[in-house]
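Chains as they are written, first to last, in our numbering: chain A, 1 to 136; chain B, 1 to 589.
Because the hints were derived from the structure by calculation, they are not lab data. Note that the structure is predicted; figures quoted are calculated from it, not measured. Just to be clear, a hint being listed does not mean it is correct.
[Said to hold, decoys possible] Label-pair restraints from in silico Cβ distances:
(1) Thr497/B - Thr85/A: 38 to 44 Å
(2) Glu108/A - Gln3/B: 17 to 23 Å
(3) Thr497/B - Thr59/A: 57 to 63 Å
(4) Phe301/B - Asp11/A: 25 to 31 Å
(5) Ala232/B - Arg115/A: 53 to 59 Å
(6) Lys474/B - Trp104/A: 54 to 60 Å
(7) Glu60/A - His305/B: 47 to 53 Å
(8) Pro113/B - Thr59/A: 54 to 60 Å
(9) Asp11/A - Glu263/B: 33 to 39 Å
(10) Lys502/B - Arg115/A: 33 to 39 Å
(11) Trp104/A - Ala304/B: 30 to 36 Å
(12) Gln402/B - Trp104/A: 46 to 52 Å
(13) Ser12/B - Lys86/A: 30 to 36 Å
[Said to hold, decoys possible] Quick look at which bits of chain B chain A covers, simulated, 3 or more residues with Cβ under 8 Å:
(14) 148-156
(15) 278-287
Just so it is clear, CB atoms sit at the ideal spot from N, CA and C, and this is done for glycine as well.
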Amino acid sequence: MAKLMRVINRDQCIGCYSCMNACSRAWESALTVEKAALRVKNYPGVEGAFSVRICYGCTEPDCAAVCPTRALTPRKGGGVQLDKTKCVGCGSCIKACVPGALQWDIEEKHPLVCRHCGICAQFCPNDVLALVEVEE
Amino acid sequence: MKQFWMLEVDLSTGESKRTEVTRLFDKWLGGTGVATKLLVDNCPPDIDPYAPQAPVVFAIGPLNNVFPVITKTAALFKSPLTGDLGESHAGGRFSLALYESGNHVLLLRGKAPSLSYIVIENDTVLIKPCNSLKGMSALASERVLRDTEEGLGKRSIVRIGPAGERLSPIACATVDSSRHFGRLGLGGVLGSKNIKAIVVSGSRYWKIEEKKKYNSLYTRLYKEIVHSDSMAKYHDLGTAMNVIPLSKINGLPTRNFSQGFFEGAEKISGEEFATTRLAQQIACAGCQIGCIHVATLREAFNQAHHMYKTLKVSYDHELIFAWGSNLSIDSTDMILKLLQAVEKQGWDGISMGVTMAWATEAFQRGLITERETDGLILNFGDGEVYLKVLNRIAQGANEFFQSLEKGASYCAKKYGGKDFAIAFNANEAPGYSTGPFAFLGYATGVRHSHLDNAGYSIDQKVLTTSISFEDAIKEMYDEGVWRMVMNSLVACLFARTVYDVKTICEALESVGIEWSAEQIGEFSHRLHGLKYLFKEKCGFTFDKLALPEKLTRVYMSNGKVDQEMFKRGLEIYRKFVESDMEMAISEMP
Chain A
1 MAKLMRVINR DQCIGCYSCM NACSRAWESA LTVEKAALRV KNYPGVEGAF
51 SVRICYGCTE PDCAAVCPTR ALTPRKGGGV QLDKTKCVGC GSCIKACVPG
101 ALQWDIEEKH PLVCRHCGIC AQFCPNDVLA LVEVEE
Chain B
1 MKQFWMLEVD LSTGESKRTE VTRLFDKWLG GTGVATKLLV DNCPPDIDPY
51 APQAPVVFAI GPLNNVFPVI TKTAALFKSP LTGDLGESHA GGRFSLALYE
101 SGNHVLLLRG KAPSLSYIVI ENDTVLIKPC NSLKGMSALA SERVLRDTEE
151 GLGKRSIVRI GPAGERLSPI ACATVDSSRH FGRLGLGGVL GSKNIKAIVV
201 SGSRYWKIEE KKKYNSLYTR LYKEIVHSDS MAKYHDLGTA MNVIPLSKIN
251 GLPTRNFSQG FFEGAEKISG EEFATTRLAQ QIACAGCQIG CIHVATLREA
301 FNQAHHMYKT LKVSYDHELI FAWGSNLSID STDMILKLLQ AVEKQGWDGI
351 SMGVTMAWAT EAFQRGLITE RETDGLILNF GDGEVYLKVL NRIAQGANEF
401 FQSLEKGASY CAKKYGGKDF AIAFNANEAP GYSTGPFAFL GYATGVRHSH
451 LDNAGYSIDQ KVLTTSISFE DAIKEMYDEG VWRMVMNSLV ACLFARTVYD
501 VKTICEALES VGIEWSAEQI GEFSHRLHGL KYLFKEKCGF TFDKLALPEK
551 LTRVYMSNGK VDQEMFKRGL EIYRKFVESD MEMAISEMP
């Protein structure tokens with residue numbers, strides 16, 4: 001059984017961004033939310049309506065399919081992996097991900113790929129996110 | 001080595017520059033420390049707070065966005081309400097966005113030629129005219145700008161409502177969702193600079209250098225904050241949990257501070273709001289607690305056709321006091337309606353509420369009549385009329401309504417009723433009438449806020465332990481000095497039990513910033529002294545501080561207070577402050 005990240009209680013999100021901090025810290029050694037492979041989005045004028053966008057772990061990922069250099073390829077168990085040396089920074093992958101779950105590194109100009117490691121869930125105070133077992 | 005940068009924007013010329021200010025942070029830690037020093041160096045003390053040259057300084061600290069719950073931004077300015085040191089703090093996403101724009105300090109001076117907003121995205125600084133936003137509510141302004149300004153990454157939007165545009169000295173600046181630079185009139189100061197809003201975002205960040213050390217401390221603090229009881233009350237009922245206990249000990253100001261017991265406390269308690277009106281809690285960026293309590297109010301606007309609208313408004317203890325007990329309103333729905341009106345206009349909730357309470361008492365005593373109120377009959381408890389009053393203030397309907405948004409002290413000078421204008425150094429009092437130390441705290445604190453030195457908690461301590469008057473004042477003073485440190489980090493004060501001096505030094509060290517406990521101690525006194533030196537240069541003196549006479553007749557948790565006791569307390573506090581002022585004298589320009 002593979003494990004993938006899932007948003008299990010979206011409506012329990014308080015918008016603290018602790019998940020994004022944890023991801024940036026763990027994988028990019030960066031004190032920011034912008035290097036995270038997920039986003040908590042809030043909507044203007046709607047107090048407290050948060051949407052959490054994290055890699056869906058597609059088995060046939062649209063983002064990888066449009067990658068012109070095969071930098072982004074399907075990952076065993078779901079989701080994608082990135083070979084940074086092949087990435088030309090075209091951003092096609094970001095546009096192909098309809099829910100906007102794949103994130104973009106503004107500084108390095110390549111996608112920020114979710115490793116489905118679960119660190120974001122570990123630092124979520126309200127059980128919004130979980131690393132769950134899924135059928136392969 | 002961590003670097004700190006300041007962005008200076010001259011609104012008159014449209015020019016901006018970015019300067020490295022690491023040495024300033026070495027000496028003044030950050031947040032209120034750095035911003036106070038910059039204010040003192042850049043603000044002539046005799047200047048009109050609304051003069052273009054009067055600066056506004058926003059600053060975050062060395063641990064903002066680095067450790068949990070260190071989420072606030074300090075704003076320093078000359079207060080149009082008190083005429084001396086203006087300072088307020090806000091959460092939301094402002095601290096995150098400033099940091100990500102690569103700046104720990106934002107200093108504004110000058111005046112834009114017409115109503116404008118500032119956009120900051122890393123090195124890009126634009127001042128954009130926005131006459132179309134003139135008169136727009138603080139809530140709508142955010143909706144519009146969040147649509148218009150895409151930004152880089154997470155954006156923060158600080159804006160004023162129409163009250164700030166009208167230069168009300170009790171206008172606030174609203175930050176993102178339900179956070180405010182509330183007290184002492186920053187909204188009016190931004191209005192005087194023709195600044196409707198500031199939109200900040202960026203993509204800069206610090207690298208973690210010692211990953212293991214940093215991660216282990218972060219995890220320890222995260223667990224303490226999320227899993228222990230130390231902060232549970234803030235995300236549980238929130239500060240609104242105080243309503244019933246305070247009323248039970250005669251500490252909940254009621255009907256313009258006539259008494260500390262409110263017969264309707266249970267109907268507007270934290271418990272009542274939570275079970276019947278609470279929609280959800282939300283958080284500032286970087287805080288896992290989520291103390292912002294957002295309530296919903298569902299109302300039919302067309303009963304015959306079952307057409308409904310739902311408002312979402314945030315509440316806390318201070319707002320429940322200011323628009324509930326202190327106006328004798330015992331309906332959660334009415335409190336929420338009043339708060340919505342206050343949010344739209346962009347007034348400080350405490351100041352406007354306390355001024356409304358003064359107006360009601362002044363009306364009942366005949367100092368103002370139906371001539372001034374344009375026929376409205378002000379009664380404690382009559383929320384519908386208060387809604388009309390707010391509406392007329394917003395319209396600037398006549399001189400009386402225009403005066404109301406200048407605060408209780410201004411109104412009392414003009415119409416009389418000074419002894420029941422419940423303000424200290426012109427700042428309207430917050431929601432604790434626990435005893436003499438609460439009032440001494442409001443009077444003596446640098447910002448005249450309950451958050452300066454927590455006198456209200458000393459009152460509660462005095463109730464249960466035997467502590468001399470002098471020692472109690474000393475404790476209050478020590479707390480006031482310690483909060484210089486918390487406010488320089490800039491930590492949320494709700495996390496004050498988690499961040500002791502040892503933890504702070506450890507946290508700073510984990511990101512390569514060296515401060516010893518001794519240095520922090522010396523700094524806290526020096527900064528405390530500098531603030532009072534600036535206040536005095538602006539005309540503040542301890543001698544001028546007065547206890548509104550009405551408060552001497554009120555039975556409180558901790559008995560009664562008389563003028564002699566109040567004066568004695570001031571005198572003891574003043575002596576402590578004088579030693580800090582001596583330490584800081586060389587820091588004055």
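Status of each hint after checking the structure:
no.	hint	in the structure
1	Thr497/B - Thr85/A: 38 to 44 Å	49 Å, violated
2	Glu108/A - Gln3/B: 17 to 23 Å	21 Å, holds
3	Thr497/B - Thr59/A: 57 to 63 Å	48 Å, violated
4	Phe301/B - Asp11/A: 25 to 31 Å	26 Å, holds
5	Ala232/B - Arg115/A: 53 to 59 Å	33 Å, violated
6	Lys474/B - Trp104/A: 54 to 60 Å	55 Å, holds
7	Glu60/A - His305/B: 47 to 53 Å	48 Å, holds
8	Pro113/B - Thr59/A: 54 to 60 Å	58 Å, holds
9	Asp11/A - Glu263/B: 33 to 39 Å	37 Å, holds
10	Lys502/B - Arg115/A: 33 to 39 Å	35 Å, holds
11	Trp104/A - Ala304/B: 30 to 36 Å	51 Å, violated
12	Gln402/B - Trp104/A: 46 to 52 Å	50 Å, holds
13	Ser12/B - Lys86/A: 30 to 36 Å	51 Å, violated
14	148-156	holds (count 3)
15	278-287	holds (count 9)
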